[in-house]
Each structure stands twice: as C-alpha cells, then as structure tokens.
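A.B. asks: Please model the complete structure; the sequences and the hints are all you need to start from.
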Amino acid sequence: MRKLRLILLLLLPVMLAAQPVMPGSDRASEISDQVGDDGEEDFDVSEYLFGHVGDAYEWHITTIKEKEIAIPLPCIVIENGIHVFTLHHAAENGYTLNEDGKLVNAQTGKRPLDISITKNVLGLMIDSLLLVVLILLCARWYRRHDVLKEKPTGLAALLEPVIVMIEQDVIKDAVGPEYKRFSPYLLTAFFFILVNNLMGIFPVFPGGANITGNIAVTGVLALFTFLMVNLFGNKHYWKDILWPDVPLFLKAIPIMPIIEILGMFTKPFSLMIRLFANILAGHIMLLSVIMLIFLTAAMGPVLNGSMTLIAAVFGVFLDCLELLVAFLQAYVFTMLSAVFIGLAHQHPETETN
Amino acid sequence: MSLITPDFGLLFWMVVIFGIVFFLLAKFGFPVITKAVQKRSDHIADSLKAADEAQARLAGMAEEHARMIEETRLEQSRILKEASESRERIIAQAKEDAAAEAAKLLDHAKVEIAAERESAIRDIRRQVAMISVEVAEKIVRKDLDEGDGQLALLDRLVEEAEQAQMPN
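Quick note, the sequences are listed as chains A and B, same order. Counting in the numbering used here, the first sequence runs from 1 upward without gaps. Counting in the numbering used here, the second sequence runs from 1 upward without gaps.
Calculated from the structure, these hints are not laboratory results. Honestly, I wouldn't trust all of these hints.
Now the in silico label distances, taken between C-beta atoms and shown as ranges [said to hold, decoys possible]: (1) A:248 to B:44: 27 to 37 Å; (2) B:41 to A:144: 15 to 25 Å; (3) B:75 to A:168: 53 to 63 Å; (4) B:26 to A:262: 27 to 37 Å; (5) A:181 to B:12: 21 to 31 Å; (6) A:316 to B:44: 41 to 51 Å; (7) B:44 to A:227: 52 to 62 Å; (8) B:66 to A:347: 46 to 56 Å.
Which chain B residues face chain A? A few, computed with CB under 7 Å, are given here [claimed, not checked]: (9) 12; (10) 18; (11) 23; (12) 25; (13) 33; (14) 34; (15) 39; (16) 56; (17) 90.
Here a beta-carbon is modelled for each residue, glycine too, at the ideal position from N, C-alpha and C.
C.D. replies: Written as structure tokens, this is what we have:
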C-alpha cells in the first residue's frame, strides 16, 4: 500500500506536466510547415508516429516554448556532382521534401541519389562506435592480462558471459563443428542488433532512433546472413537445393529445385521482416501509449490526468517488455542465422542418421 | 509507404557501417576474447585432468609405500632368521672344533703319559738289574768264600727275583 502511494506520488509531476502541453507543439507542426500541410492545431497522429519511427534529415530532440532543439545533419545528394547542405538550405540547392519526407528535385520531383547522413545513419554511427569501443576495450583486457592467472574484471566480466553464452550455447550447437569460422560474424550480428535495439529504447539523443526497426538496416543484416550461408555452403548443401532426394518426377519438372531456391531467399527475408516488425511494433506500441496523453489533452483535466496515469503505467510495462524483446530479437536473429549456416554445412552422414 | 521501402541512402550507409564494424570486431574483437576464453577453459580442463592423475598417482604411491613396508618387514624377518641360523651354526661349529681339539690334546697326553711310564719302567728295570748285579756280585764274592752251602741260597734268590718279576 505504501509502495502504491509512492508510485502515485512519483507519477504526480508527470500528470501535472502533461497538462500544459498543447497539441501541435510537437514536431508535427514543424514538418507540416515544410510540407505545407494543414492541421496546425490538431494533433496529427500519423505525423507523430512516423516522425518518431521514421527517418529524418535532422535529429529532433525536443521543442521548448516553440523553440526547436534539433541536431542539423548533412544532406548529401549525388546528382550532377555531390551536393552537401542542411535541410534548412534545401530550397537554395533546388531540393524539397516530398510527401514521404524525402528529398526530391524541386523541378522534376524525382528522387536523386541520396546518401544523406540521416537520423538513422547518425544513430547507426553512434551505436556502432559504442559497440566497437565496448568490444575492443573488452578485447584489450584479454590482451593485457593473463587469462590463466586473473579473472576478468569490469567490462570483460560484463561481456564475457554473454559472449560465451552466445558462442557456446547458440553458435556451437547450431552451426556444428565448423562454428569457429562463423562465430565472429554471428557475435557481431548479435551485439550489433542488441546495442541498436537497446539504444532505440533509450529515449533521448544518442538513443531513440528506430534503427533496427528500419527495413533497410534489417535487410542489410539479412543480406550478410544470406552471403554467409551461401558463400560458404558445402557441396551437399548445393546438391540438396538443385538435385534433392525426392522422386524423379519432382526434379524432372523442377518443382523441388524451384522451391528450394525460393527457400534460399525466404530464410533471410523472414529474418529481415521478423526483426524489423518486432522492433517497429515495439516502438509504435510505446509511442501509442504515450500518445494517449496528448490525444486526451483537449478532453479536460480529469480524463487527461487518468489517461496520463494509465499511459505512464503502461509505458513502464512496455519499456520492460521492450528490454526483453531487444535481447530476444538479437538472440533469435543470431540463432536462426546460425541454424541456416549450420544447414549449409551438414554432411550426408549426419542426415541419414 | 516509406516504412517498408528500404531507403537507398540508409542501405548504403548500413552496408558501409556494418562492414566496418564487422571487420573491426571480427579482426580485433571477438577472436581475441573467444581465444582467451577457450584458452582458459582448456587450461581448466587440463588442470582438472592433471589433478585427477595426481590423485591417482598419489593413491598408487600409498599402495607402493605399503607394499614396500611389507617387503621390508619380510626382508627384516628373513635377515633375522638367517642371522640366528648362522649363529647356531657358528656355535655348533665352535663346539665341534673345541671337542675335536680337546680329543686331540687328550690323545697326545695319553701317548706322552704312556711314553713316560714306559721310560720310567725301563729306568726302574735297569736299576733293579744293576741292584741285582750288585747283590749278585756281593753274594758271589761271599759264596766264593764259603763254598757250596751258598749255592742253595743263590738259587733261592734267583727264584725270588723271577717271582717278583712275574706280576708285571
């Protein structure tokens, strides 16, 4: 009972703070200015959601008293040479944003080759830097210390159990005897996804970008797995795809080979969609719950206050869930990648058993 | 919709960034860590095995020790037995030798005593003969003076002497 009262007390400022927030003061207004939409006063749900989970040419942090606090990012466009500018100077360079919020040529309305450092790219860079620093610091500990005389301390003690768990329990079991060749890739994939997932949950600046919930990112990860599976597959794997052990009429009209070849692509495709959908859904769920506060702002203090309470409680719950999902999806991606690699390294003896 | 259409720029950067991360971690990160961990777990396995072997060897040594003690005890009793045997033998030998020596000495003494007695008897005989000769001389001298009454006495004397000599 006392704990409940304490929680309510802690939530009180949240509820009070939620009151003066005016709809439309969110980033939505800024973007609708640029795109030229209406809806200055209404809370634009779609802009709110997709503004948070989507990509952007600047990293919007918050708005304090109508003042935007955002990190400007370089737009890099290749069209008759390389053009580098920030979003505010897009018009001067002859570019504008289309309805998806992407840079297009102002005259032709066509997408140029756009390799801008967007919010997600910057997030990727920061998270990757963090990951590389963490792992290399950990590796440095092992270089500097005699592992037979000392037990790991600090970062090494934190990361070692995770690395060992992934390598021994997931990679070794799924890939089989040749696992040492693939464990660097699979460990990299695991920690890359894990760090990006966790940073995605963290709400302010270096975090908060929806990186692993972006299909391009998960697509590239799946592509790497695809390459790992197919570049190093053994003879038996290719025979199983092109000339499987099925009755002849299934191979003469190449039904089974077609299905198998399709399977080569559906496996990484499922990896891509699974990670993307899980993380995106997590972000959207969390945002939707928080959005309740802003949606009910105009409906009076009682409704808004109670909704704020509900949103805060659900927000805590969903954040915990997302922590679990962040780990789980990294784990699942790694495990399935390992299984696919393992399938490409089976030997006929093990299969006939 | 932009959510499910991958953006080229992001794809490009993702390939670059993930490629770099992969390269760095696969070259300088994870292999170092996994090798070190592997090294340690190998070391632990080896140490356990070595400890097991040492234990086994220790048990073997205890057995060996007991065996050696047993052997030594047997050896000791054997030596003791041998010693007592040889002692007996030496004593018996000594007794035998002493007995032989004593018998030899006794024989020698007997021989010597016999020789002494022989010579003593011979001495006595010689003296008896001398005395007899002297007695005979004296009698002969007197008888030569007195005549034939004395011849009977002479016969009697010789007879007596022969009778005295007979018991020997």
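A.B. asks: Checked against the structure, which of the hints given earlier come out wrong?
C.D. replies: 1, 7, 11, 16 and 17
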